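Modelling step: build the complete structure from the supplied sequences, incorporating the hints.
Chains as they are written, first to last, in the working numbering: chain A, 1 to 297; chain B, 1001 to 1540.
Simulated from the structure, these hints should not be mistaken for laboratory data.
Note that the structure is a prediction, hence the values are computed from the model and not measured.
For each residue, glycine too, the CB sits at the ideal point set by N, CA and C.
It is possible that part of the hints are untrue.
[Unchecked claim] Computed beta-carbon distance windows for the label pairs:
{"no.": "1", "chain 1": "A", "residue 1": "Asn75", "chain 2": "B", "residue 2": "Leu1269", "range": "18 to 24 Å"}
{"no.": "2", "chain 1": "B", "residue 1": "Val1270", "chain 2": "A", "residue 2": "Gly136", "range": "31 to 37 Å"}
{"no.": "3", "chain 1": "B", "residue 1": "Gly1507", "chain 2": "A", "residue 2": "Gly137", "range": "30 to 36 Å"}
{"no.": "4", "chain 1": "B", "residue 1": "Ala1511", "chain 2": "A", "residue 2": "Ala71", "range": "53 to 59 Å"}
{"no.": "5", "chain 1": "A", "residue 1": "Gly137", "chain 2": "B", "residue 2": "Asn1480", "range": "47 to 53 Å"}
{"no.": "6", "chain 1": "B", "residue 1": "Ser1133", "chain 2": "A", "residue 2": "Asn75", "range": "52 to 58 Å"}
{"no.": "7", "chain 1": "A", "residue 1": "Asp221", "chain 2": "B", "residue 2": "Leu1337", "range": "54 to 60 Å"}
{"no.": "8", "chain 1": "A", "residue 1": "Ala71", "chain 2": "B", "residue 2": "Ile1129", "range": "54 to 60 Å"}
{"no.": "9", "chain 1": "A", "residue 1": "Glu6", "chain 2": "B", "residue 2": "Ala1349", "range": "51 to 57 Å"}
{"no.": "10", "chain 1": "A", "residue 1": "Gly137", "chain 2": "B", "residue 2": "Lys1175", "range": "28 to 34 Å"}
What follows is each chain in one-letter form.
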Amino acid sequence: MKLTVENVSKRYGNGVQALRDFSLELGPGVLGLLGPNGAGKSTLMSILATITLPTAGRVLWDDGKSSVDTASHPNALRNVLGFLPQDFGVYANLSALEFLEYLAAIKGIDSKTAKSRIEELLTLVNLQSAKTRKLGGFSGGMRQRVGIAQALLNDPKLLIVDEPTAGLDPEERVRFRNLLSELSHDRIVILSTHIVSDVELTADRIALVAAGQLITCQSPDQLLQSLDGRVWECVVPPDMLAQFKSHHACSGMVRRQNGVHVRVVCDEKPWHNAVSEPAVLEDAYLHWVNAPVEVAA
Amino acid sequence: MIARKVWAVAKADFKERMRGAPAWMAMIVGGFLCYLAVTGKATVTLPFARGVWNSAWSAGTMATLAANYLTLVCFFVVRSAVQRDEETGAGKLMAAAPVSNFAYLLGKALSNFAVVLSVGSVFLLAAPILQWSHHEGYPFNPWELINPFLYMTIPSAALVAAMAVFFECHPWLKKGIGNVIYIFLWVESLREAAEYGREWTDVVGFDGFMKSTQAAAKAQGVVLKERGLNIGHASYDHWNIFTWHGFQFTWQQVLLRLEWFAVAAALVLVATYFFKRFDPDAKAALRFPLPKFLKRKPKEETVGKWETEIARLSAIGGMVGRGRFLGIVRAEMKLLLKSIPKFVYGLLAIANLLALIPHDKDGPTGPGVLAFLWIVPVIVWSNMGAREQAPNARPLIFSAPHSCLRQLPAEWVAGFLIALGVSLGVGVRDIVARDFLHLATWLAGAAFISSLALACGTWSRSTRLFQGLYCGWWYLGMNNVPNMDFTGVTGQRHAVGYAIAAAILFGSAFAQRWWITERAAVMRVLGVIRRQPQERVQTA
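See the structure below:
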């Protein structure tokens, strides 16, 4: 089972270049997709989910028996695809049960299988007691759980989730992260999010995307190792802060009585009182995303 | 498997729709029409003739009213099946599922069909009540009660259902202009059926109804001097009464009615070409490929980093709320005019120049041009009142201070100025020609348009009500229906009446906005809402 993204570019009708020559190969496991707003993550997701077409390049789906171009044979992928889009809405007047029954049918699941699968999923996302309530009365977190349930309806081999933990409370977030980890055993999971901790705790590999390009794709450990000895914390006087910031990439700032405690990613000691610190994923994210693309590549 | 997917789409969409307000509103309004029919205020008659109030004639009356109502009103009720999936994001789930475009759109069309028939069922249920209320043609005959609906209502409902899907998928027709085009198609189709009597273009079945009833009348020795069908209130000194037992359903008639199901299926099929499965780049898929030298080079976008030095921002606390009213009017005008393509300004300029040419009273220039000038910006006006009530705009606009006293009147002024601005040539001509009566009509008409748009938008929270109502009103006015010409083009002069109507409509829009944004403050002053929580704290 393999999903290959080959030199994919996407230019929208209005001239916006959302993706440039993007290549990636994915096997079972969780891929975390990280990048700033407008980096092209949602466009990539739409292309992988066969909703929009690339203007160049191709996406190949290999189920172990044959490999198909998803643009030419979208249903080959759609049959095994689970997708939770970012701006996910629901039919406000349908109940959770009716909505899932509807989606099960359009995904081609026979009614008997769908019935038992929906019951299982409603239990999994903790919505059994609310399954006959209209979706219009659901909270944001409950709607998101319905979204997660629908994405798992057809037991997908490729699961694409865009900002899945938005609207979930901390406990639900942990549950969902664990669920993703469990699911990734025998399927490909692509998780796009702004929440670095979600990726850090679930992803086997992290793809950093900026300005429509893949900057790097490494395991979280590799990303952290790349910053060994390059993360510093120093105390800067408030009146020097502006000047300091203009020269260094700061990943954190806390104002305290003795000055501003600044966390910096740079090759050399940035300030006389700077102390080396262990890197966290946020440092790596800021470092790679702010680095010039040719250097990063 | 495809049938199950079609069924699933249709079932879910139908349930969603029938549990929402618009379908029920359509049924209630339909019920009111039935009430008018039962009380004799809305009848269907032939010239100087009517049928005995048996089951067939009662059902024929109701089926005629239903065909009229369903083909117009229900089109707007059901014209949101695909759009809702786009807005809610549910469309993306469908797009990523293995369901074909045809199966999805057929499911939506079937759901539309079921919704239209559900609304139509109100008329079916009212038919025996109509028969009973006249005490004329007992007993009840079930076949005769259903017969006219089978002939007239069901085929037209199928066509409306499919047209709604087609209009939603077509990149141009899905916009506001589609609503306007539909209104004119509807009017033309009724005229076609009433005037020309071509069976194969008879969507609503009026021609068939006229021919069938006329044949029945002729067979009973009732001679009709002219062809026609009166819908509404008709009173003659002498009625020729005949008995009609419904349509005969010859093979030819059945095929002619099935024609509309075939047209509906074809429309759904063609819609699959335009439907791009909620692709965010759908426009590009439909655009004609341009040669390389004609393509505009896209601008490279550079995204700057966030400026985090808050100290660099100036303090403006004392300036908040000092914005001038004219500034808001200007902003509202900019927003409204943004949607007009540049070539339309050219058309309007030419029409205004034509308006300045001296003319005969009934000539095509002069005030006559006003008819054209005041139908072109219908899409612009239709945004008034509705734009700020969109779910994503509402919190922003209504959380601004005094939206009721500043933004709403400013929007009305903008609409009024646009009405005057697009027809300035007419005003100038009236002044030069000293036609002050028409000048007053022109001013009142402009005020009426702005108020009607604002009231329709604020109450319905949609652009469609104004588009439908205004086009219908405009059309009736242009056909010289008494009191309906707000432009003065046909020689009617109702400046005072339309000025009063404008004031009432604006007042209703204001009341709606006040209710949303200001009522809490006034109610607190009146003591309806008390500051309970604070008192409780003190007591505790």
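Any hints from earlier that this structure breaks? Give me their numbers in increasing order, please. Nothing - there is no hint that the structure violates, so all of them hold.
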